[in-house]
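Visitor: What follows is each chain in one-letter form.
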Amino acid sequence: MTDLRTHAEEIHEQFSDELDLTVEDVEKRLETLVEEYKVPMEEARRSVVNHYLEEAGIDREDIARGGNEQVALADIDEPDRWVDVTAKVVELWEPRSDSIDQVGLLGDESGTIKFTKWAKSDLPSMAEGTVYRLGNVVTDEYQGRYSVKLNRTTTIEELDEDLEVGDNEVVVEGALVDIQSGSGLIKRCPEEDCTRVLQNGRCAEHGEVEGEFDLRIKGVVDDGEEVYEVLFDKDGTEELTDISIEEAREMAMDALDTAVVADEMREKTLGRYYRIEGPTFSRYVLADAVEELTEPVDPEAVLIKARSIA
Amino acid sequence: MSVPMREVARRTFAREFNDAHYTFKESDDERAPVYLLLPTGERANRVFVVGTLTETEDVGDESEYWRGRVVDPTGTFFVYAGQYQPEAAGVLRDTEPPAYVAVTGKPRTYETDDGTVNVSLRPESITVVDATTRDRWVVETAERTVERIERFHAGVGEYVAMAKEQYGEDVSDYEETVVTALDGIETEAVAEAD
Numbered sequence: 001m002t003d004l005r006t007h008a009e010e011i012h013e014q015f016s017d018e019l020d021l022t023v024e025d026v027e028k029r030l031e032t033l034v035e036e037y038k039v040p041m042e043e044a045r046r047s048v049v050n051h052y053l054e055e056a057g058i059d060r061e062d063i064a065r066g067g068n069e070q071v072a073l074a075d076i077d078e079p080d081r082w083v084d085v086t087a088k089v090v091e092l093w094e095p096r097s098d099s100i101d102q103v104g105l106l107g108d109e110s111g112t113i114k115f116t117k118w119a120k121s122d123l124p125s126m127a128e129g130t131v132y133r134l135g136n137v138v139t140d141e142y143q144g145r146y147s148v149k150l151n152r153t154t155t156i157e158e159l160d161e162d163l164e165v166g167d168n169e170v171v172v173e174g175a176l177v178d179i180q181s182g183s184g185l186i187k188r189c190p191e192e193d194c195t196r197v198l199q200n201g202r203c204a205e206h207g208e209v210e211g212e213f214d215l216r217i218k219g220v221v222d223d224g225e226e227v228y229e230v231l232f233d234k235d236g237t238e239e240l241t242d243i244s245i246e247e248a249r250e251m252a253m254d255a256l257d258t259a260v261v262a263d264e265m266r267e268k269t270l271g272r273y274y275r276i277e278g279p280t281f282s283r284y285v286l287a288d289a290v291e292e293l294t295e296p297v298d299p300e301a302v303l304i305k306a307r308s309i310a
Numbered sequence: 311m312s313v314p315m316r317e318v319a320r321r322t323f324a325r326e327f328n329d330a331h332y333t334f335k336e337s338d339d340e341r342a343p344v345y346l347l348l349p350t351g352e353r354a355n356r357v358f359v360v361g362t363l364t365e366t367e368d369v370g371d372e373s374e375y376w377r378g379r380v381v382d383p384t385g386t387f388f389v390y391a392g393q394y395q396p397e398a399a400g401v402l403r404d405t406e407p408p409a410y411v412a413v414t415g416k417p418r419t420y421e422t423d424d425g426t427v428n429v430s431l432r433p434e435s436i437t438v439v440d441a442t443t444r445d446r447w448v449v450e451t452a453e454r455t456v457e458r459i460e461r462f463h464a465g466v467g468e469y470v471a472m473a474k475e476q477y478g479e480d481v482s483d484y485e486e487t488v489v490t491a492l493d494g495i496e497t498e499a500v501a502e503a504d
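In the order they appear, the protein sequences are chains R and A.
Residue numbering for the first sequence follows the working numbering, starting at 1 and increasing by one per position.
Residue numbering for the second sequence follows the working numbering, starting at 311 and increasing by one per position.
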């Protein structure tokens with residue numbers, strides 16, 4: 001009941017200037033839909049808001065779309081919430097299924113998030129690099145990563161403005177405790193826009209191809225409290241390991257095995273402390289800047305704290 | 311979440327690590343992670359230690375089974391690596407003690423004939439590192455230990471309650487070892503500032 005009441009109060013607030021209505025009126029309408037007709041709260045809310053919009057003669061576009069909260073992308077941290085976002089289409093990806101009309105990456109000042117637009121929703125197409133106000137999208141979560149789904153009720157409004165997409169920049173410090181498989185000297189598919197990592201000389205999409213060498217590390221930085229999965233691209237890997245791609249190729253050729261490169265990288269870096277800066281992308285930190293922490297640490301602050309509890 | 315989160319590598323001095331003997335799982339699942347309960351009230355499925363490798367010995371019968379003693383300011387970690395940890399075993403075989411090493415690994419407990427439980431470390435990786443890395447680890451481990459002791463005194467968290475039940479209320483040993491460990495750090499930065 002308190003939930004109904006809260007929603008009723010919010011809707012009441014929204015229309016109290018235009019319409020002569022009480023919170024009880026609103027609550028009653030919501031209650032009928034939710035309790036009697038078993039309509040989900042968000043849908044009920046939408047329906048009630050629509051009713052009052054019509055009654056007040058207000059165009060839906062003129063009001064904060066059904067009372068959803070306008071959220072920053074980086075603040076999306078729970079699934080199944082109906083929200084409004086204003087964001088730029090940063091990237092469009094190839095849909096993997098016919099049920100998906102468009103899929104890609106949205107960005108705003110706070111960061112980026114994946115979006116999915118279903119074919120059956122029958123929505124207008126969005127273009128890369130354009131900013132949209134998206135009303136009534138639903139948040140989703142998969143393996144700790146959040147996304148938004150556009151649906152039949154979503155409104156898409158193209159805005160004639162640009163915005164600076166934030167990159168969720170973070171700084172992490174800790175020990176490099178693992179370098180995972182798939183790291184070191186790898187080969188990528190040379191097909192245009194593919195870049196998939198080859199397994200035994202085969203690309204999952206294009207079959208057997210003449211691969212192109214690349215360096216990367218999937219590492220784990222751990223500070224004893226948190227675990228960070230860090231991706232190092234070619235430049236990052238060279239910076240971390242002091243092994244250039246040419247040297248890596250020579251090592252692999254001498255040993256007739258690319259695995260020696262990752263082994264050497266492990267030996268040079270595991271167990272050392274690093275400061276890593278870079279944007280986050282889903283659960284990964286993409287290492288832009290890498291610095292080994294070699295300066296002596298001052299134990300004084302911890303010592304004072306230790307003495308104070310003893 | 312369907313993909314299990316990677317377990318954090320706890321920081322603990324050898325003294326506390328070797329006092330621990332109680333292990334548990336959070337679920338009945340056969341593959342559920344096993345945790346070692348630290349006396350200051352934290353669960354550890356993985357630890358990261360840096361110390362001095364002082365001795366190595368092949369204690370295996372038929373196949374190689376290497377034991378390394380890794381010493382920190384408070385005691386000794388016993389590290390065992392055999393055929394299923396070939397890289398780590400290789401490092402123990404090839405490294406000439408004394409040397410500073412960093413070890414990421416899993417706690418293992420072993421009950422002896424007289425009923426006492428020994429704790430050892432099964433390494434996922436061992437690498438040779440330098441003195442500044444070792445000093446950084448000592449300061450970091452002191453800090454993490456102090457934070458745990460603070461939570462212990464505040465009675466915060468289910469593992470604190472569990473630790474009090476399994477090991478008792480007295481953590482003064484660990485308070486002392488933290489101070490001892492920090493006192494032993496060569497404070498070059500401080501010396502220069504003076």
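I should point out that these hints are in silico values taken from the structure, not numbers from a laboratory.
Fair warning: there could be bad hints in the mix.
[Said to hold, decoys possible] In silico lysine-lysine, BS3-like type, Cα no more than 30 Å apart, as pairs:
1. R:K234 - R:K218
2. A:K416 - A:K474
3. R:K114 - R:K268
4. R:K38 - R:K28
5. A:K474 - R:K268
6. R:K28 - R:K114
7. A:K474 - R:K218
8. R:K218 - A:K335
9. A:K335 - R:K268
10. R:K305 - R:K268
11. R:K268 - R:K218
12. R:K187 - R:K268
Visitor: List in ascending order the numbers of the hints, as given earlier, that are violated by the structure.
Guide: Result: hints 3, 5, 6, 7, 9 and 10 break, sorted rising.
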